[in-house]
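Listed here are the chains, written in short residue letters.
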Amino acid sequence: MTSALLFNITTLGYFIAMVLFILFLAVRSKGVTLAATLLTYLVFLVQTVAIGLRWVESYQQGIGRAPLTNLYESAVFFAWSIVLLYILIDLKYRQPAIGAFVVPFAFLTMNWAQLGYLPPALRSGLESVAGAMPEGAFGNFFRTMLLGPSDTIEPLVPALQSNWLTYHVVTCFLGYGAFAVACGVSIMYLIKVGKEEKNPSGSPMGGLLGVFPSTRVLDDINYKAIMVGFPLLTLGIITGAAWANYAWGTYWSWDPKETWSLIVWFVYAAFLHARFTRGWVGRRAAWLSIFGFAATIFCYLGVNLLLSGLHSYGGG
Amino acid sequence: MSAKKRDFFTIVWDFFCSLKLTVTTLILLAVTSIIGTVVQQNRSPEEYLQEYSEGVYRLLSALNFFDMYHSWWFLALLTLFSINLICCSLNRLPRVIKAVREPVTVAGDDLFRTLSNVEEVTTRRPVDAVRERLEAALGKHFAPPMVTEVDGTVHLFAQKGAWSRFGVYITHASILIIFLGAIIGSLFGYKGYVNIVEGGEVSQVWLRGANKPHDLGFTVACEKFWVEYYGKSNRPSKFASILTVTDPTAKDQDKVPRQREVIVNDPLTYRGITFYQSSYGPAGDPVFSLRVLDRKSGESAEVTARQGQRVPLSGGGAFRVVDFDPNYKGFGLAAAVELIPAEGKGSPGRILLYQQAPDFDTRRGGEQVFTLLGHTQKQYTGLQVAKDPGVWVVWTGCLMLVLGSMAAFFLSHRRIWVTIVPLENRTGIKVGGSAHRNQPAFEIFFDELKKNLKAELEA
Ligand code: HEM
Numbered sequence: 001m002t003s004a005l006l007f008n009i010t011t012l013g014y015f016i017a018m019v020l021f022i023l024f025l026a027v028r029s030k031g032v033t034l035a036a037t038l039l040t041y042l043v044f045l046v047q048t049v050a051i052g053l054r055w056v057e058s059y060q061q062g063i064g065r066a067p068l069t070n071l072y073e074s075a076v077f078f079a080w081s082i083v084l085l086y087i088l089i090d091l092k093y094r095q096p097a098i099g100a101f102v103v104p105f106a107f108l109t110m111n112w113a114q115l116g117y118l119p120p121a122l123r124s125g126l127e128s129v130a131g132a133m134p135e136g137a138f139g140n141f142f143r144t145m146l147l148g149p150s151d152t153i154e155p156l157v158p159a160l161q162s163n164w165l166t167y168h169v170v171t172c173f174l175g176y177g178a179f180a181v182a183c184g185v186s187i188m189y190l191i192k193v194g195k196e197e198k199n200p201s202g203s204p205m206g207g208l209l210g211v212f213p214s215t216r217v218l219d220d221i222n223y224k225a226i227m228v229g230f231p232l233l234t235l236g237i238i239t240g241a242a243w244a245n246y247a248w249g250t251y252w253s254w255d256p257k258e259t260w261s262l263i264v265w266f267v268y269a270a271f272l273h274a275r276f277t278r279g280w281v282g283r284r285a286a287w288l289s290i291f292g293f294a295a296t297i298f299c300y301l302g303v304n305l306l307l308s309g310l311h312s313y314g315g316g
Numbered sequence: 001m002s003a004k005k006r007d008f009f010t011i012v013w014d015f016f017c018s019l020k021l022t023v024t025t026l027i028l029l030a031v032t033s034i035i036g037t038v039v040q041q042n043r044s045p046e047e048y049l050q051e052y053s054e055g056v057y058r059l060l061s062a063l064n065f066f067d068m069y070h071s072w073w074f075l076a077l078l079t080l081f082s083i084n085l086i087c088c089s090l091n092r093l094p095r096v097i098k099a100v101r102e103p104v105t106v107a108g109d110d111l112f113r114t115l116s117n118v119e120e121v122t123t124r125r126p127v128d129a130v131r132e133r134l135e136a137a138l139g140k141h142f143a144p145p146m147v148t149e150v151d152g153t154v155h156l157f158a159q160k161g162a163w164s165r166f167g168v169y170i171t172h173a174s175i176l177i178i179f180l181g182a183i184i185g186s187l188f189g190y191k192g193y194v195n196i197v198e199g200g201e202v203s204q205v206w207l208r209g210a211n212k213p214h215d216l217g218f219t220v221a222c223e224k225f226w227v228e229y230y231g232k233s234n235r236p237s238k239f240a241s242i243l244t245v246t247d248p249t250a251k252d253q254d255k256v257p258r259q260r261e262v263i264v265n266d267p268l269t270y271r272g273i274t275f276y277q278s279s280y281g282p283a284g285d286p287v288f289s290l291r292v293l294d295r296k297s298g299e300s301a302e303v304t305a306r307q308g309q310r311v312p313l314s315g316g317g318a319f320r321v322v323d324f325d326p327n328y329k330g331f332g333l334a335a336a337v338e339l340i341p342a343e344g345k346g347s348p349g350r351i352l353l354y355q356q357a358p359d360f361d362t363r364r365g366g367e368q369v370f371t372l373l374g375h376t377q378k379q380y381t382g383l384q385v386a387k388d389p390g391v392w393v394v395w396t397g398c399l400m401l402v403l404g405s406m407a408a409f410f411l412s413h414r415r416i417w418v419t420i421v422p423l424e425n426r427t428g429i430k431v432g433g434s435a436h437r438n439q440p441a442f443e444i445f446f447d448e449l450k451k452n453l454k455a456e457l458e459a
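Quick mapping for you: the protein sequence lines, in order, are chains A and B. Okay, so the first sequence: first residue is 1 according to our numbering, each after it adds one. Okay, so the second sequence: first residue is 1 according to our numbering, each after it adds one.
Treat the hints with care, as some may be off.
What the hints assert, rightly or not - Facing chain B, according to a computed beta carbon distance under 10 Å, are these residues of chain A, among others:
no.: 1; residue: V56
no.: 2; residue: Y59
no.: 3; residue: E154
no.: 4; residue: L235
no.: 5; residue: F271
Rather than coming from a laboratory, the hints here were simulated on the basis of the structure. As the structure is a computational prediction, the values presented were derived from the model and not from experiment. Just so you know, even glycine gets a beta-carbon here, dropped at the ideal spot from N, CA and C.
My request is simple: use the sequences and hints to build the entire structure.
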C-alpha cells in the first residue's frame with residue numbers, strides 16, 4: 001500500500017461523494033444523503049492515513065519531513081482542509097445540500113494533484129495540449145494547470161527546513177478550507193435568492209432548491225466560516241513572517257506572495273467590518289465571500305505561477 | 001457660529017470614526033497593493049527601461065510605482081487607516097469601560113423590555129427563600145450574583161466574560177502596535193550583509209542601499225565553513241559557519257559567543273545584531289594534493305598545487321591543475337591536469353584524475369604516475385546582518401492580534417438579571433439575559449439556565 005494509491009482512492013471517493021450529493025438535490029432521498037455523508041467521512045479518513053503514509057515514506061527515502069512542502073502536498077492538504085471544515089459545518093448544521101457545493105472543491109483539488117495518475121491515453125492527450133502552450137508566464141501557468149504538480153518527494157533546501165514552515169502551511173490552508181466552504185455556501189445563497197425573487201409567491205419550492213437550507217442559515221454559515229477562517233489566515237501570515245524573520249532577518253519584505261496574502265486578509269477584514277454595520281448581509285456578503293475566495297486561489301496558485309517571488313512552490 | 005464650528009468638527013470626527021471609511025480603506029489597500037506585485041519593485045532604471053518604454057517608465061516612476069509600499073500615497077493610506085482605528089476606539093472605549101466597571105445591577109422594566117430573553121414565574125415561597133435559592137443557583141450554574149435590595153424588591157445581577165468586550169480594542173490596538181514596531185525597526189535598525197572568508201574576520205558590514213560600511217563595534221570571525229549534500233547529489237542539505245565573536249568591551253566575556261554553529265533558520269544574535277546564514281561561495285583558488293611517482297627511480301612524493309600553479313617535476317617537466325569538479329557525475333573529486341614536458345621533449349598533454357580511482361593514471365604508462373589525494377577550497381560565508389529593535393514590538397502586536405480577534409469573535413459578555421418582587425401572597429420572579437455577541441448560542445444557554453433555576457427553586 002502506497003500513499004499514491006490511497007490518494008487515488010481519495011480522489012475517486014470524493015468524486016463519488018460529489019455525485020451522490022448532487023443526486024441528493026434531485027431525488028431528496030435519505031438513503032442517498034446518508035451514503036454521501038458517510039462516504040465523505042470515510043474518504044476523509046483514508047486521506048488522513050494517506051498523508052501520514054507519505055510522511056513515513058519520506059523517512060524511508062532518507063529525507064524525513066512533514067508532507068507539506070511542495071505544490072503537490074499543499075494541494076492535497078488543501079483538499080483535506082476543505083473536507084475537514086465541511087465536516088465541522090456538517091456536524092453543527094446537518095445540512096447535506098451544502099455538500100453538493102463544497103465537496104466539488106475538494107474533488108477538483110485532489111483531481112488536479114493526481115493528474116499524473118491519469119490513464120496513459122488521457123495523460124498523453126493532456127501533455128500534447130500542454131506542449132502546444134506558448135512560452136512565458138501564461139503558458140507556464142496553463143501547462144501547470146493542465147499537467148498538475150509533480151508528486152516526487154524532493155529533499156528540502158536548507159531555507160525550508162524549519163518548523164515554522166509546518167505551522168505556516170497548516171494554518172494558512174485550514175483558513176483557505178474555511179474560505180472554500182464560505183464560497184460554496186455563498187453560491188448556494190445566490191442561487192436560492194435568485195430563484196426566490198423570480199417566484200415570490202411563497203409557495204413551497206420544489207425541484208433542486210427544496211433541500212437547500214434557508215437563506216438565513218446560508219448567510220449565517222457564510223459568516224461563521226469566515227469568522228473561523230480569518231483568525232487562521234491571520235495566524236498563517238504571522239507564522240510566515242516569523243519564519244522569514246528566522247531565515248532572512250526580515251519579517252516582511254512585500255514579496256508578491258506575502259502581499260497577496262495580505263490582500264486576501266484585507267478582503268475578509270472588509271467583509272467582517274461590512275457585516276458589523278448590519279448593512280452588508282445577504283447578497284452583497286455572498287459576492288464578497290466569492291470574491292475573497294477568488295483572491296485566495298490567486299494567492300495560492302496565481303502568484304507562484306504568474307508572478308515572481310521567493311516561494312518554493314513555483315513551477316510545480 | 002460656534003454651533004456651526006461644532007458641526008464641522010462633528011462631521012470630521014464622525015468621518016474618521018465611521019466603519020464605511022474602514023471598509024473603503026481596506027478595499028483601497030487591497031486594490032493598490034496589487035500594483036507592487038505586478039510591477040517589479042526596486043530595480044535599476046536600466047532594468048525598467050528594458051521592460052517599459054521611456055514614456056511608461058516616466059509615468060510609473062512619477063506615480064512611485066517602483067517603490068510603492070514606501071510611497072507617500074501608500075503611507076498616507078496607512079495613516080488614514082491608523083487614524084480611523086484610533087478614532088473609532090476612542091469613540092467607543094469610554095462607554096465600554098463604563099459598562100464593564102459600573103454594570104447596571106438593578107434592572108427596571110425599561111431594561112427588561114429591551115431584552116429578547118426574558119422569563120416570568122411566580123412561586124409560593126417567600127422572597128428571602130427565593131433569593132437564597134436563586135443566589136446559590138446562579139452561582140452554581142453561571143456566576144455568583146450581586147444582590148441589591150430596593151424597597152423590598154430584590155435584584156440579582158450576574159455576569160461573565162465582561163472583559164471580552166475589550167477584544168475588539170485589543171485587536172485594533174495590536175495593529176497600531178505592529179505599525180509602531182515597524183517604525184521603530186526602520187528608524188533604529190538596519191539591514192546589511194557581509195562575506196567572511198574562512199579563517200578571516202570582519203568588524204564592518206555593508207548596509208543595503210548605502211555604499212559605505214557600518215562598524216559593528218565588535219569582530220566576527222568565521223573559523224570554518226562547510227556544505228553537506230543529500231546523498232551523492234549536488235543538492236545542499238545544510239551549510240554551516242562556525243562563528244566566533246571577539247568583543248574586548250564586553251563586561252561578561254562568557255556571554256560572547258564562541259565557536260557557534262550558524263545555519264539557515266538558526267541565526268546568531270549578539271548585542272541586538274543578528275547574523276543569518278544566507279549564501280556561500282569559493283574564495284580564492286582551490287589547492288590540490290597529489291602523489292607523484294617517478295617510474296624510473298621508484299620514488300614517490302606528495303605535492304600540493306594551487307589551481308593554475310606550475311609545479312616543476314624531476315626531469316625538467318612540470319604540471320598544472322587546470323580544472324576540477326568537486327563531485328564529477330556523482331563520483332567525487334576529479335581534476336584535469338596539464339602536463340608540460342621539458343624543453344624540446346614532446347608536446348604538452350592533458351590527463352584526468354579521479355580521487356575515487358587512485359590507480360587510474362598507471363595505465364597511461366607515462367614517466368610519472370599521478371594520484372589525486374584531495375583538495376581544499378577556501379569558502380566564504382555570506383551572512384545577512386540585521387538589527388531590528390522593533391521586532392519584539394511587532395511580535396507582541398501579533399500575539400495581541402491573534403488573542404484579541406479570537407476574543408472578539410468567539411467570546412461574549414453575558415449578563416443575567418433577576419428581579420424578585422413580593423406580591424400579595426406569592427412571589428414574582430423575572431429573569432432576563434443578554435449577550436453582546438452570538439445571540440443564537442446565548443438563546444440555547446438561556447433556556448438551559450432557566451430550566452436549572454426552576455429545578456433549584458422547586459427542589
Ligand atoms: C485592519 C484595520 C482595522 C480597522 C481600521 C478597523 C476599524 C474598525 C471600526 C471603525 C469599527 C467600528 C467600531 C464601531 O462600531 O464604532 C470596528 C469594529 C470592529 N472591528 Fe475593526 N478594524 C480593523 C481591524 C480589525 C480586525 C483585524 C478585527 C478582527 C480580528 C476587527 C474586529 C472588529 C470588531 C469585532 C468590531 C465590532 C465592534 C463592536 O461591534 O463592538 N477589526 N473596526
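The hints, checked one at a time:
1. Interface restraint check: V56 (chain A) against chain B, minimum CB-CB distance 19 Å, threshold 10 Å, status violated.
2. The interface hint given for Y59 (chain A) is broken, as the beta carbon of that residue sits about 14 Å from the closest beta carbon of chain B, more than 10 Å.
3. Taking 10 Å as the C-beta cut-off, the interface hint given for E154 (chain A) holds, the closest approach to chain B being about 8 Å.
4. The interface hint given for L235 (chain A) holds, since its Cβ lies 6 Å from the closest Cβ of chain B, which is under the 10 Å cut-off.
5. Taken as an interface hint, F271 (chain A) checks out: its beta carbon lies about 9 Å from the nearest beta carbon of chain B, inside 10 Å.
Of the numbered hints given earlier, the model fails hints 1 and 2; all others are met.
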